[in-house]
Amino acid sequence: MTEALEWLQFVLAPQMINGLSIGVAVVLMALGLTIIFGLLDVINMAHGEFYAIGAYLAVALLGLGLSFWWALALTPMLMAVLGYATERGLIQRVFHSKDRHTLTLLLTFGLAIVLEDVLKIIFGANPLRVETPITGGSELFGLFFPNYRLFVMVAGGLLIAAVWVLVFRTSLGAIVRAAAFDRHMSASLGVPVSRVYAATFAFGVALAGLAGVLLAPIYSVFPTMGRDFVLIAFSVVIIGGMGSIKGAVLAGLLLTQVQSISSLFISPVWNDPLLFGIMVLVLMWRPRGLFGKLGHA
Amino acid sequence: MPDKQLNPARVPDALRLFSLLFFAGALVFALVATLVGDVFFLRLATEALIFGGLALSVDLLLGRVGLLPLGQALFFGLGAYVSALVLKEWQASFWLSLVVSLLASALAGLVGGIIAIRSKGVYFALISFGLAQVVSKVVFNTRELGASDGIIGVPGAVVVPGLDSTAPTGFFLVTLAVIFLIYLGLRYLMDTPFGRQLSAIRTNEDRVPFLGFDPWRYKLLAFVGAACIAGVSGALYPMLRGFVSPELMFFQVSGNAVINVIVGGAGTLIGPLYGSALLTGLRSVVGSFTAHHQIIIGLLFVVVVIMFPRGLIGYLTPLLQRRLEARRSRHQQGEQ
Amino acid sequence: MESILSVQGLGVRFGSLQAVDDVTFEAQRGKITAIIGPNGAGKSSLFNLISGAIKPSSGQVLFDGHNVTGASPDKMLRSGLSRSFQITNLFFELPVQENLRLAAQFLEQGRGLFRPLSASTRAHERVEQLVEQFGLQSKRHELAGYLSHGEQRRLEIAVSLAARPRMLLLDEPTQGMSHADTRETEALIRGLAAEHGLSILLVEHDVDLVMNLSDHVVVMHQGQKLAEGAPKQVRGNASVQAAYFGEHH
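Protein chains in written order, with the numbering used here: chain E, 1 to 297; chain S, 1001 to 1336; chain A, 2001 to 2249.
Pulled out of the complex, with its shape left as it was, chain E reads as follows (with noise of 0.2 Å):
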């Protein structure tokens, strides 16, 4: 019995913890993902990219003498101010076209590899560190956090429920709700829609730079890292449903504590094989993923 208890103490609530702040930060990338596709209509391959110049960022305003709380803060503002630029610039150009989905899929996808290689030049193609800003570790409930991964937890969690509040509890989420749901509409009662969809594209940006900052202490920042987080974050809002916040916040935490629950099973290298295959199960049984609306593809 103690035996049980101690694994459960020492193996798997670490486990549990290190998921459920990983958790939190592909949570905050997936609800950029799934507020732009559910409000913009608009898939965007290049949100693995945001989240590593969310990263790459930090280490810039590190580099420069800047604590880590103020580029917590500076980072999200600053890739919203890219994220805006990036819809006005280029996305507003295939939206009005027939071929809408498949062109902002290769654009954004292009867009993608610009982006990869951009970092690659600026920074070079070796990883960099980021110290932990929050050292030591702090025991509650018997069970030991670590005090870095304690604070992406709670600010995670805090800044999830902010955007709940803020999509359906503010007017200025009703007023995206509403030029989601119908632009014309929503145009010819005054809203400024182009605005609107600009500003909803930078929101999701500035989530996914905020996870890359979050994250950065934990993962080391290197070029690559925007593509390999894509597929988890693709996959949860897959699986929560595409434009489902509910869904992108079940799927996010669930399918993180199935990552670092099996990791003490199974070798590292079936993670990606495992998310994989659970989305292609969930697709094939429920094609609109847990909370999705059919109709999104």
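Read the hints as simulated data drawn from the structure, not as lab findings.
Where hints are given, some of them may not hold.
As the list claims (entries may be wrong) - Residues from chain S that keep clear of chain A, each with C-beta distances beyond 10 Å, as calculated:
| no. | residue |
| --- | --- |
| 1 | 1024 |
| 2 | 1030 |
| 3 | 1047 |
| 4 | 1160 |
| 5 | 1162 |
| 6 | 1173 |
| 7 | 1178 |
| 8 | 1189 |
| 9 | 1199 |
| 10 | 1206 |
| 11 | 1211 |
| 12 | 1295 |
| 13 | 1296 |
| 14 | 1299 |
| 15 | 1312 |
| 16 | 1332 |
Unchecked claim - Calculated cross-link-like contacts (lysine to any residue; reagent style SDA-like; alpha-carbon spacing at most 20 Å):
| no. | chain 1 | residue 1 | chain 2 | residue 2 |
| --- | --- | --- | --- | --- |
| 17 | A | 2031 | A | 2053 |
| 18 | S | 1120 | E | 99 |
| 19 | S | 1120 | E | 269 |
| 20 | S | 1137 | E | 272 |
| 21 | E | 98 | A | 2093 |
| 22 | E | 98 | S | 1303 |
| 23 | E | 98 | A | 2145 |
| 24 | S | 1120 | E | 278 |
| 25 | A | 2055 | E | 278 |
| 26 | S | 1120 | E | 288 |
| 27 | E | 98 | S | 1288 |
| 28 | S | 1120 | E | 290 |
| 29 | A | 2031 | A | 2195 |
| 30 | E | 120 | S | 1099 |
| 31 | A | 2031 | A | 2228 |
| 32 | E | 120 | S | 1290 |
| 33 | S | 1137 | E | 228 |
| 34 | E | 120 | S | 1204 |
| 35 | S | 1137 | E | 99 |
| 36 | E | 98 | A | 2088 |
| 37 | E | 120 | S | 1288 |
| 38 | A | 2055 | E | 288 |
| 39 | E | 120 | S | 1247 |
| 40 | S | 1120 | E | 101 |
Virtual Cβ for every residue (Gly too), placed ideally from N, Cα, C.
Using the hints provided, position chains S and A relative to the given structure of chain E.
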């Protein structure tokens, strides 16, 4: 994106001219290169053709059925590995290697297709992407397949006694013949009821069942066909380069294939071949100056998607067609 | 007079709304049967149930002896039941001739799938017949998307007829048509039934058209069958009149 004006009822003469230009041009190139004694460019061009085959496989799905595959390199790499193994461990025969790779690709295509074909749009793209990610990671970690180093020391494949894949000109011509046959096959297919069904599915899949056909079966067949084309093209790679590595299955290869297709002209079949030729050349040229050739290709691609989504051949064909028809009517008037 | 289509106790629920409630009727072979009713009566839902677009919560549909309840569209067609669409659902990017050829290919029963198009002689003959019958000669090489609305509606019906079904389900065939086009379509439909022995079931808003055209009328109201019978009978039926004129149009 496929051009509405490319009337599916008959292949425009302009398109036929472009096809002729491509293959004739390839022959001329081979002649010149041989006379000059070049080896490097012949091999590069052979590689361009091999990736052209992969591009054809993507175009079948993207340009004809309307599915975007982001992981077609899976079948390409599979074909390459199978070919390498056959050549190295069994017999260095060109024909044997092709046949075995074809069978392996067909089987893999069937399995992959059953998983992927139920989905459309971004879901399909991601499943295709995911499949390639997963399999390439597994191959990367499999020691028996050489892990990250892959398989090296693959002998030249014997086509006929006296001609094997180490001969630059000879193998270039053999590859050209293979790609030409694949191209012809696809061209023919487009004017069969099967090919037309694929276009119908791309145009308005919802109506197709009401015409009495189950789109799933057609899409699956097309997927298997595309897998076979990719696999056969991949099988030629170790014959050319003497090795295979997991990188052949990586996203870079899949992504490049999609770029080749879009830049060349999706749906035109010959466009992707042009695209592959141009971009392989471009990558090589730029790559000799800097390691950052991806950004240039990426930028070019973004520009094409925004401003010329129909691609090079997609845009040039109607233009040339108009010229040809104007000339024809002037001719007819002249005769009267 | 024999029944070709038998709808028995058909019903469907959307959440708390019983859109179609226990509807039973028969359509006779070679006759034109129409389903009418005021807005929201459940005509479209009933039509979609019969054609397999939505699965019923109760009841069944028997066609020519086969149980086709909730069957997939391709299975329906293979049983001999075809439908046209209210919102024109053609292959707009393809020429008129190609639209017809795709639909007529069904007649080849999977033969010649990988042979050149010219080998599908049955399909090509059918296309010629349809082009003739529907007056589309001058438009055969036009992209379907460039046709006028009336021409598209005609093409829509032609496409649904191409496979030589035994029964045709027409979903609001004169939707959005001008008066002249409506008269033409009415004549067309009458001709189809008369000359080719085709059984037709149609859903329509245009009550006059239905009264002129149909042999048998089924009136829907609030999801239920209110009345059925020959046009004259139904027209004189007090509850039918109340249903229509009791509402604001």
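A quick look at each hint next to the structure:
1. Even its closest Cβ contact with chain A, about 25 Å, leaves residue 1024(S) beyond 10 Å, as expected for a residue assigned away from the interface.
2. Look at residue 1030(S): its CB is around 32 Å from the nearest CB on chain A, clear of 10 Å, so calling it non-interface holds up.
3. Residue placement check: residue 1047(S) keeps its beta carbon more than 10 Å from all beta carbons of chain A (closest about 31 Å).
4. No beta-carbon of chain A is positioned within 10 Å of the beta-carbon of residue 1160(S); the least distance is around 30 Å.
5. No Cβ of chain A comes within 10 Å of the Cβ of residue 1162(S); the nearest lies about 36 Å off, and the non-interface call holds.
6. Under the 10 Å C-beta cut-off, the non-interface status given to residue 1173(S) relative to chain A holds; the minimum distance is some 28 Å.
7. Interface exclusion of residue 1178(S) from chain A stands, the closest Cβ pair being 20 Å apart, more than 10 Å.
8. Under the 10 Å C-beta cut-off, the non-interface status given to residue 1189(S) relative to chain A is violated; the minimum distance is some 7 Å.
9. Distance to chain A contradicts residue 1199(S) as a non-interface residue, since its nearest Cβ pair spans about 7 Å, not more than 10 Å.
10. In this structure residue 1206(S) is not separated from chain A by more than 10 Å, as the shortest Cβ-Cβ distance comes to only about 7 Å.
11. Non-interface status of residue 1211(S) relative to chain A is broken: a Cβ of that chain comes within 10 Å, the nearest being about 5 Å off.
12. With a minimum CB-CB distance of about 35 Å to chain A, residue 1295(S) clears the 10 Å threshold, and the non-interface call stands.
13. Its beta-carbon lying about 34 Å from the closest one in chain A, residue 1296(S) satisfies the requirement of being farther than 10 Å from that chain.
14. A cut-off of 10 Å between C-beta atoms confirms that residue 1299(S) is not in contact with chain A; the least separation is 30 Å.
15. Against chain A, the non-interface label of residue 1312(S) holds: every CB pair exceeds 10 Å, the least being about 21 Å.
16. With a least beta-carbon separation of about 19 Å from chain A, residue 1332(S) lies farther than 10 Å from that chain, consistent with its non-interface assignment.
17. Simply put, residue 2031(A) and residue 2053(A) have alpha-carbon atoms about 23 Å apart, too far for the 20 Å limit, and the pair is violated.
18. For the hint pairing residue 1120(S) with residue 99(E), the CA-to-CA distance comes to about 14 Å; that is within 20 Å, so the pair holds.
19. About 28 Å separates the Cα atoms of residue 1120(S) and residue 269(E), which puts this hinted pair outside 20 Å; it is violated.
20. A hinted pair counts as satisfied when its Cα atoms are at most 20 Å apart, and residue 1137(S) with residue 272(E) qualifies at roughly 8 Å.
21. Annotation: proposed proximity of residue 98(E) to residue 2093(A) holds, straight-line Cα distance about 12 Å (limit 20 Å).
22. As the CA atoms of residue 98(E) and residue 1303(S) are separated by approximately 18 Å, the hinted pair is consistent with the 20 Å bound.
23. Between residue 98(E) and residue 2145(A) the alpha-carbon distance is near 14 Å, which keeps this suggested pair within the 20 Å criterion.
24. Taking the CA atoms of residue 1120(S) and residue 278(E), the gap is near 18 Å; set against the 20 Å cutoff, the hint holds.
25. With a C-alpha separation of about 29 Å, the suggested pair residue 2055(A) and residue 278(E) falls outside the 20 Å cut-off, and the hint is violated.
26. Of the pairs offered as hints, the one joining residue 1120(S) and residue 288(E) holds, with about 11 Å between alpha carbons and a cut-off of 20 Å not exceeded.
27. A hinted pair counts as satisfied when its Cα atoms are at most 20 Å apart, and residue 98(E) with residue 1288(S) does not qualify at roughly 39 Å.
28. This hinted pair checks out: residue 1120(S) and residue 290(E) have alpha carbons roughly 18 Å apart, not beyond 20 Å.
29. Between residue 2031(A) and residue 2195(A) the CA atoms are separated by roughly 11 Å; this keeps the pair inside 20 Å, and the hint holds.
30. Taking the CA atoms of residue 120(E) and residue 1099(S), the gap is about 41 Å. The hint is violated against a cut of 20 Å.
31. A C-alpha spacing of about 14 Å is found between residue 2031(A) and residue 2228(A), which places the hinted pair at or below 20 Å, so the restraint holds.
32. Our distance criterion of 20 Å between C-alpha atoms is met by residue 120(E) and residue 1290(S), whose separation comes to about 12 Å.
33. For the proposed pair residue 1137(S) and residue 228(E), the alpha carbon gap of about 12 Å is at most 20 Å, so the pair holds.
34. A distance of roughly 42 Å separates the Cα atoms of residue 120(E) and residue 1204(S); the hinted pair therefore is violated under the 20 Å criterion.
35. In summary, the hint linking residue 1137(S) to residue 99(E) is not supported, as the alpha carbons are separated by about 33 Å, beyond the 20 Å threshold.
36. Between residue 98(E) and residue 2088(A) the CA atoms are separated by roughly 18 Å; this keeps the pair inside 20 Å, and the hint holds.
37. Annotation: proposed proximity of residue 120(E) to residue 1288(S) holds, straight-line Cα distance about 17 Å (limit 20 Å).
38. A threshold of 20 Å between alpha carbons decides the hint, and for residue 2055(A) with residue 288(E) the separation of about 19 Å falls inside it, so the pair holds.
39. Using a Cα cut-off of 20 Å, the hinted pair residue 120(E) and residue 1247(S) holds, with the two alpha carbons roughly 19 Å apart.
40. Of the supplied pair hints, the one linking residue 1120(S) and residue 101(E) holds, its CA atoms being roughly 11 Å apart against a limit of 20 Å.
Against the hints set out earlier in the document, violations occur for numbers 8, 9, 10, 11, 17, 19, 25, 27, 30, 34, 35.
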